[in-house]
Amino acid sequence: MANSTSILEWLGFRKASGVTEAGWGHTLLVGIVSFIYFLPVLFIIFTAIKPQDLALSVPPTISPTSLFGLIPDQYVFTPTLENFGSVFSRVMTPGGSPEATGFDRFFFFFIFISSVSVLLALVIGTFAAYGFSRYPLKGNDTYLFIILTTRMLPAIVIVIPVILMFRVTGLSGSYLGITLLYTAFNLAFTIWMMKSFFDELSTDVEDAARIDGSSEAKVFLKICLPQVVAGLAATFVFGLILTWNEFLFALLLSNADTRTVPVAMNQAVSSGGRGTDWTLLASIETLFLIPVFLVTFFLQNHLLRGVTFGTVKR
Amino acid sequence: MNTAVRDLPAPAMFEFDASNWKLAILAGLAISILAALALPASLSFWVIGAMAAMIAAVFAINAYRRKYYGGLLVAPAIAVLFVMNIFPLLWSLGLSFFAYQSNQQTIRFIGLNNYIKVLTNDIAAPANWDALINTGMFVVSTVAAQMIAGFLLAMLFAKQFPLRKYLLILVLTPMMLSVVASGVFFTYYYDPTFGILSYAIGEVTGEQFILMDNKLGAVTGIVFADAWMWSPFVMLLVLAGLVSVPKYLYEAAAIDRVSKWRQFWTITFPYIRGLLMLALLFRTIEAFKLYDLVYILIRGGQDTKTIAYLIAEIANEQNKTSEGAALSYVILFMVIVLTNLYLYLANRRNQGA
Amino acid sequence: MSTIEIRKVTKMFGDFTAVKDADLKVAAGEVVCLLGPSGCGKTTTLRMIAGLERVTAGDVIIAGKNMNELSPQKRDIAMVFQFYALYPALSVGQNIAMPLHYEKLSKEEMDKRVMKVAKILHLDTVLDRLPGQVSEGEKQRVAVARAIVRDPNCFLFDEPLSRLDVELRHSMRGQIKEVLSGLSKATVIVTHDQLEALTMADRIAIMRDGLIEQVGSPHEVFAKPANVFVASFIGTPQMNLIEANFKGYGDGKAKVVFDKQEVTIGANAGVASLKPGKVTVGIRPRAFSVASRDTKDTIDAQAELIEPMGAETLIHARTITGGDIRVVVTRDKRVKVGELLHLVPDPAQTHIFDESGKAVRA
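Chains as they are written, first to last, in the working numbering: chain C, 1 to 314; chain E, 1 to 353; chain F, 1 to 362.
I should point out that these hints are in silico values taken from the structure, not numbers from a laboratory.
By construction, the Cβ of each residue, glycine as well, lies at the ideal position given by its N, Cα and C atoms.
Be aware that one or more of the hints could be misleading.
Only pairs whose alpha carbons sit at most 27 angstroms apart, straight line, appear in this in silico DSS-like list of lysine-lysine [said to hold, decoys possible]:
1) F:Lys119 x F:Lys177
2) F:Lys278 x E:Lys260
3) F:Lys275 x F:Lys358
4) E:Lys247 x F:Lys20
5) E:Lys260 x F:Lys107
6) E:Lys260 x F:Lys139
7) E:Lys67 x E:Lys22
8) F:Lys278 x F:Lys358
9) F:Lys74 x E:Lys260
10) E:Lys159 x E:Lys22
Simulated restraints on C-beta separations [claimed, not checked]:
11) F:Lys107 x E:Leu216: 41 to 51 angstroms
12) C:Gly85 x E:Leu341: 48 to 58 angstroms
13) C:Gln300 x E:Ile31: 23 to 33 angstroms
14) F:Thr236 x E:Pro246: 39 to 49 angstroms
15) C:Asn140 x E:Met277: 15 to 25 angstroms
16) C:Leu137 x E:Leu90: 13 to 23 angstroms
Looking at chain C on its own, in the form it has when it is part of the complex (with noise of 0.2 angstroms):
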């Protein structure tokens, strides 16, 4: 009994042995109330493998499976992929007349302007979160502070003459405008997390690279950046997703060519939502759900920095 390692403890089925250590118990309790917490995202990549009819369908449908008979018939749906090969040809109709969907251009512009200006962000940003961290300047606190409320101010603040400025320059609505407005609002966030990376590295090795002689580019290009190649990997995916979260500057300063896809999104719901196609819409929410779910798993430890802009510190 005691030198055997049973399957049942291998997968975990031991009773609890520390003081802050739960058993199988608690997990069902925690799945049990993660599950219900997760039933809006379910339900949304269930629409997305229904049949098209069966969307607005009354009752709805839950289900791709019976669950052994568990759950009625009525309520069960036969899953289908046909939804993700139509994101980018299907013809939607939002108050009757057809009309091409163009999520196939909102699509990729999107990913390409948000690719960009995360990117911009990210070199800009990394270059300012080193100076601060290995120069810091008189007042550098008070810098990284006023840095920081740029991303806590209502945006609707600077909304108003970012429109107005957009108009005078001949930006609105172009795709050029917005991938600048995007990267400085990608700019806090950058700067904050990869202080927070740089200031975590040990400065000795830099300092004796210094002594033998390495150029002051030469210690950031080819020892502190290979450090914190991770964290620029996080910064980056971050970056992205807030960039596909943000709204009212894409409302405020696209036309009907350059939406991005949250603005196409919210514009493609008819009112009354009955002429949305509901199935399209959950598709498309599922391809962006993936690379939510790899970041989620992989960037787990980081996630606490990017949420927080790195203010917080693990």
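Assemble chains E and F onto chain C, guided by the hints.
Here is chains E and F on its own, set in the frame of chain C:
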């Protein structure tokens, strides 16, 4: 670290030198003002932009010559933030003292009249006050809901148990999803005819259930969706505090036979107090900005307009730009007061400890 | 009665055996030290007694009751943690009072008890401070105060002095010993510091790789180590352990050969029953006397490195065939580097270990 700074003599005030930033600022400001007065807006903007770029370049040269690497590294970021955030902010502050509508050409200085108007005018003010009250209500209810739900979730996840990492993903996903996208789906769930919520309640009560047809229902719907999306944020912060409590403290408490209740208040709570305050601050500021859900779920109907919603409406749809700016400064002022109150309380806490 | 007994206690972490079949009895009023290098399972053993870890097999018996299934709360024990585990948000006084809440005492009674132990441990002036505001030594005393403020079944100490500097450690050893002697409870102290164990313990249990190698009084484990490990672990400088070939025994002397040197050295009568073969000869560095000339009884070695240690001098010497021998001589004995020493081991302090490493004794 900063030993490389070289002490070059500063150039004299009017010496024409590529690193004389004082002269650059002076010249840049003068040309900008001249351009703003003499040229049409669409041209003067670019002139001002060029001047800003010149000042930035001079700063960069100055920093490089003196080996102020810090300044050099930080400058591009500051420049972008200045153009896209701080400059608009100042512009909108300026606008709030003028009478200006974006669909008209005239612009006139009227001092504090915009502020007086949005807060006291017979026609405009009641709607603003209603929106302010709505915002306050949303702030209190969404933040309270998030704090409670987030805290309870964190307590559930604080222990080590099998499959913890996987279950955590389920709970964290709502926060990572686009607010708009999941908001859009809440309209789907809340729909009176084919929505799953109405159907479920209809099956029980036998009547058609329409969540959004009164203010209480609409507010509940919005608060629920918002709390669902952001409780994981509070949970993450609280969890960070909970896992930072050294395990041996709980072990010592077990040996000392301390009750669970006392353990929470004497051991656990001191560790999460700061993070709870931080969560409160972050969420309160965010709640002040509540716009997207009100727009997506109900388009501001059922008397649920928040102040952010109203500003967007006033400034964008009704073109009352300067009034909108004034109103935005009212919320900005409130957010600043709140932040400072928080910082004051947090500091007093630290000094007391 | 305040006693502790563990019977055949085993702890597995997955496939790793942290403690194997450990047996130990601690009588009331007795102080037992668990001593061993880090990772030997001594802390795990202590935590199993406390109930912080479940036993995989075996029994933990405290005050005559089997405690296997009981949580730490129900075992009525007091423990001093390695990092003191003071509650950071509570004042020193509140920290000491924590275990008393369980007994639902009146406020006055509680204050009285706290004050009493605070006086014993000289903490009465810092009762209102937070743990972060007192010195390392005071923190340690608070941890002890919290343990002795109530009347538990037994006391457990996990590396209680490891965070103190040398001087404080010395004075705290005395203080803890004094406090414990007045309480007549079974006490287990975990330590990796042999000096701590030798000075504080009534008995020492030496552990290695999850096994208890020897249990005995400080004198026993030093004078009669049960095996090579205990012999090498106890005593500084370390005992010389010389691998040798045992040829035979006669006349109170053992004839051994290491490499090419054949020596007869004094040994106990038990060695007579040993078959010729490989043995390990253990001689403490202080057990040598230096003879003036080479005889059959001497080990010859050349002094290589000389370390003065104050009252004594430690000499690292090398035998003709390259073996390393440490010798401690008194300060007045002058030795030069390169000098050839003729070393005579004291028969009473010479240990012979058989091939498996066990000591051979009469």
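Results for each hint:
At most 27 angstroms may separate the alpha-carbon atoms for a hinted pair to count; lysine 119 of chain F and lysine 177 of chain F meet this at roughly 17 angstroms. The straight-line distance between the Cα atoms of lysine 278 of chain F and lysine 260 of chain E is roughly 60 angstroms, outside the 27 angstroms bound, and the hint therefore fails. Taken as a hint, the lysine 275 of chain F and lysine 358 of chain F pair is honoured in the structure, with Cα atoms around 14 angstroms apart against an allowance of 27 angstroms. Among the hinted pairs, lysine 247 of chain E with lysine 20 of chain F is consistent with the structure: their alpha-carbon atoms are about 25 angstroms apart, no more than 27 angstroms.
The straight-line distance between the Cα atoms of lysine 260 of chain E and lysine 107 of chain F is roughly 20 angstroms, inside the 27 angstroms bound, and the hint therefore holds. Restraint check: the Cα-Cα separation between lysine 260 of chain E and lysine 139 of chain F comes to about 24 angstroms, which is no more than 27 angstroms; the hinted pair holds. Proximity of lysine 67 of chain E to lysine 22 of chain E is assessed by CA-CA distance (about 18 angstroms); at most 27 angstroms being required, the pair is judged to hold. Using a Cα cut-off of 27 angstroms, the hinted pair lysine 278 of chain F and lysine 358 of chain F holds, with the two alpha carbons roughly 12 angstroms apart.
For the proposed pair lysine 74 of chain F and lysine 260 of chain E, the alpha carbon gap of about 14 angstroms is at most 27 angstroms, so the pair holds. Pair hint lysine 159 of chain E plus lysine 22 of chain E does not hold up; C-alpha atoms about 59 angstroms apart against a cutoff of 27 angstroms. About 49 angstroms separates the C-beta atoms of lysine 107 of chain F and leucine 216 of chain E, a value consistent with the hinted range of 41 to 51 angstroms. With their beta carbons about 54 angstroms apart, glycine 85 of chain C and leucine 341 of chain E fall inside the hinted range of 48 to 58 angstroms.
Distance hint check for glutamine 300 of chain C and isoleucine 31 of chain E: the Cβ-Cβ separation is about 52 angstroms, which falls outside the suggested range of 23 to 33 angstroms. Taken as a hint, the range 39 to 49 angstroms is violated for the pair threonine 236 of chain F and proline 246 of chain E, whose Cβ atoms sit roughly 34 angstroms apart. Checked against the hint of 15 to 25 angstroms, the C-beta distance between asparagine 140 of chain C and methionine 277 of chain E comes to roughly 24 angstroms, which is consistent with it. Between leucine 137 of chain C and leucine 90 of chain E the Cβ separation comes to about 22 angstroms, which falls inside the hinted range of 13 to 23 angstroms.
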